[in-house]
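Under this note's numbering, read the sequence shown as residues -6 to 129, first letter to last.
Bear in mind the hints are in silico, worked out from the structure with no lab data behind them. Careful: at least some of the hints might be erroneous.
[Stated by the list, open to error] Simulated crosslink set (DSBU-like; lysine-lysine; CA at most 35 angstroms straight-line): (1) 68 to 107; (2) 67 to 15; (3) 94 to 107; (4) 67 to 31; (5) 107 to 67; (6) 68 to 8; (7) 0 to 101; (8) 0 to 94; (9) 8 to 101; (10) 0 to 67; (11) 101 to 15; (12) 15 to 68; (13) 94 to 8; (14) 8 to 73.
As the structure is a prediction and not an experimental result, all values here were calculated from the model.
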Amino acid sequence: MVREIMKDEAFLSQKAEPATPKDLAIAQDLLDTLAAHKDGCVGMAANMIGVNKRIIVFDNDSSYMVMFNPEIVKKSGPYKTEEGCLSLSGIRSAQRWNSIKVRYQNEKFQIRLKTFTGWTAQIIQHEIDHCNGVLI
């Protein structure tokens, strides 16, 4: 189901709760909402649709990927950039890392480790910031 985009900065600033297998439907809503906004959005976190859980979805080389409880465990190559967000107005500056290793759970809640670089890494960092209550 496509959900409304959350714009309340007080809500978006809260640290998200861990996701559980009971939250699989939220991931589907996130995927549906991301697809509905594909012209102006490449990733979303659950708090962007009003659910305070550690779930992100993003465009991973032209196919959508879901991560439950993602966390960056290694990073390298810092750089400054500017980003926009459906939940926030305007363009804002952010520091990102060119290469990140992420520990997360897949849809079966199996733990996975994967390294991402470049644009995909930047998207993931933005969405993990959402999970941590960090607004760019």
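Which of the listed hints are broken here? The structure breaks none of the hints.
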